[in-house]
Amino acid sequence: MATKTDIARQFIEAIPHSKSLGMRLTDMGEGVATIEMPYDEKLVGDPETGVIHGGAVSALMDTCCGAAVMSHPENPGGTATIDLRIDYMRAAKPGQAITARATCYHVTRTVAFVRATATDADTDNPVAAATGAFTVEGAR
Amino acid sequence: MKAPRRPPEPVQVIKQRRDATLRALVEGVPYIQYLGMQFERKGDELTGVLPFDQKLIGNPMLPAIHGGVTAAFLEVTAIITLSWTYLWEDVESGAINTESLENGGLPRLPKTIDISTDYLRSGLPRDAYARARINRSGRRYASVHVEAWQDNRNRLFAQATGHFLMPQRRD
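Chains D and F, in that order, give the protein sequences.
The first sequence begins at 481 in our numbering and counts up by one.
The second sequence begins at 4 in our numbering and counts up by one.
The hints are simulated quantities; they were obtained by calculation from the structure and are not laboratory data.
A few of these clues could be false.
What the hints assert, rightly or not - Cβ-to-Cβ under 10 angstroms is the rule here; a few derived chain D residues that face chain F: (1) G509; (2) I562; (3) D567; (4) A577.
Stated by the list, open to error - Pairwise CB distance ranges, derived in the manner of DEER restraints: (5) W91/F with T590/D: 42 to 48 angstroms; (6) G618/D with D130/F: 49 to 55 angstroms; (7) F55/F with A577/D: 25 to 31 angstroms; (8) Y585/D with Q19/F: 26 to 32 angstroms; (9) Q490/D with R129/F: 24 to 30 angstroms; (10) R124/F with R589/D: 19 to 25 angstroms; (11) S140/F with R589/D: 29 to 35 angstroms; (12) N155/F with Y585/D: 48 to 54 angstroms; (13) D602/D with R129/F: 38 to 44 angstroms; (14) L127/F with D507/D: 28 to 34 angstroms.
To be verified - Some chain F residues well away from chain D (every beta-carbon gap over 10 angstroms; in silico): (15) R8; (16) P10; (17) E48; (18) G70; (19) E102; (20) T115; (21) R134; (22) R158.
Where a beta carbon is used, it is the ideal one built from N, C-alpha and C, also for glycine.
I would like the entire structure built from these sequences, with the hints used as guidance.
As structure tokens, this is what we get:
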């Protein structure tokens with residue numbers, strides 16, 4: 481039997497943009513999600529250094545936060561982003577994959593609150609941090 | 004009446020310099036090419052254009068543009084508008100070297116410190132447009148607001164405010 485997590489994983493990997501960026505969901509459940517995005521030259525934002533563009537990190541963060549909301553036991557269905565703020569702490573190392581980990585830390589009947597961090601191979605020094613609010617859909 | 008000190012440059016000379024600078028900024032960044040973004044210019048006013056593409060979809064059921072794409076579109080529009088404004092004086096005076104720009108000598112770009120995106124309605128499978136307003140640009144930091152719409156200019160589907168670290172002049 482397919483669990484809610486299996487369905488969500490298939491759903492996320494079926495998102496055309498996430499697929500186009502090569503995102504892979506490595507962990508999901510109980511309001512926490514981890515998604516990995518491999519390094520790709522087409523995502524470079526600064527050709528002089530080869531550093532990935534912040535926009536691609538935003539897409540990773542948004543997908544990961546959405547996945548965390550969907551995996552929360554109190555969220556009955558889908559979700560959409562209300563707002564998302566991203567802080568860029570440092571440039572990701574060229575050549576390394578970026579991994580985002582999001583936690584949906586509070587859910588009301590209508591709103592889910594999420595925070596996330598993104599790291600490269602140096603997991604003690606986050607590349608970026610995000611906080612956001614997402615819709616809770618299908619609630620009565 | 005006093006004659007102007009210098010006759011105005013021929014329109015095609017100044018247009019060529021403006022367009023070469025804008026082209027270098029936009030075509031030099033692989034990620035902007037990946038998204039398929041373009042910029043339209045009217046004098047110094049820029050409009051970011053994101054032609055719809057299947058790979059930009061984030062919700063195949065609706066369908067809707069991916070929230071990350073929307074955030075990226077706003078961020079790119081902010082960075083290009085900021086760079087453009089920062090380079091404008093050199094473009095107008097002719098101090099900018101368009102030949103080196105055309106050979107891939109990209110000017111240094113501002114870096115995003117943070118950006119906060121408001122999703123006002125879902126992004127439809129249509130072309131999207133964005134314009135940035137620089138609220139403050141100092142020697143080191145800049146604060147920029149960006150608005151994005153699709154079919155109707157006054158029905159925004161997203162807006163963002165971001166802070167950026169300005170490149171330091173290399174002289």
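A quick look at each hint next to the structure:
Annotation: interface hint on G509/D violated; nearest CB of chain F at approximately 22 angstroms, more than 10 angstroms. Nearest Cβ of chain F to the Cβ of I562/D: about 6 angstroms, under the 10 angstroms cut. The hint holds. Given hint, D567/D at the interface with chain F, holds; its Cβ is 5 angstroms from that chain's nearest Cβ, closer than 10 angstroms. This hint is violated: A577/D has a C-beta 16 angstroms from the nearest C-beta of chain F, more than the 10 angstroms allowed.
Taking the beta carbon of each, W91/F and T590/D are about 45 angstroms apart, inside 42 to 48 angstroms as hinted. Checked against the given bound of 49 to 55 angstroms, the beta carbons of G618/D and D130/F, roughly 31 angstroms apart, lie outside it. Between F55/F and A577/D, the C-beta spacing of about 29 angstroms keeps the proposed range 25 to 31 angstroms intact. Distance hint check for Y585/D and Q19/F: the Cβ-Cβ separation is about 54 angstroms, which falls outside the suggested range of 26 to 32 angstroms.
Distance hint check: the CB atoms of Q490/D and R129/F are about 27 angstroms apart, consistent with the given range 24 to 30 angstroms. At about 22 angstroms, the beta-carbon gap between R124/F and R589/D stays in the expected band of 19 to 25 angstroms. Between S140/F and R589/D the beta carbons are some 42 angstroms apart, a value that contradicts the proposed interval 29 to 35 angstroms. A C-beta distance of roughly 37 angstroms is found between N155/F and Y585/D, which places it outside the suggested range of 48 to 54 angstroms.
Look at D602/D against R129/F: about 40 angstroms separates their beta carbons, and that is inside 38 to 44 angstroms. Roughly 32 angstroms separates the CB atoms of L127/F and D507/D, a value that falls within the hinted 28 to 34 angstroms. The non-interface label for R8/F is consistent with chain D: the shortest C-beta to C-beta separation is roughly 38 angstroms, beyond 10 angstroms. With a least beta-carbon separation of about 38 angstroms from chain D, P10/F lies farther than 10 angstroms from that chain, consistent with its non-interface assignment.
With a cut of 10 angstroms on Cβ distances, E48/F stays outside the contact zone with chain D, its closest approach being about 22 angstroms. For G70/F, the shortest C-beta to C-beta distance to chain D comes to about 4 angstroms, within the 10 angstroms cut-off, and the non-interface label is violated. Listed as a non-interface residue, E102/F keeps its Cβ farther than 10 angstroms from every Cβ of chain D; the least gap is roughly 18 angstroms. For T115/F, the non-interface assignment is contradicted: its Cβ lies about 5 angstroms from the closest Cβ of chain D, within the 10 angstroms cut-off.
With 10 angstroms as the threshold on Cβ separation, the claim that R134/F sits away from chain D holds: the shortest Cβ distance comes to roughly 17 angstroms. At roughly 17 angstroms from the closest C-beta of chain D, the C-beta of R158/F stays outside 10 angstroms, upholding its exclusion from the interface.
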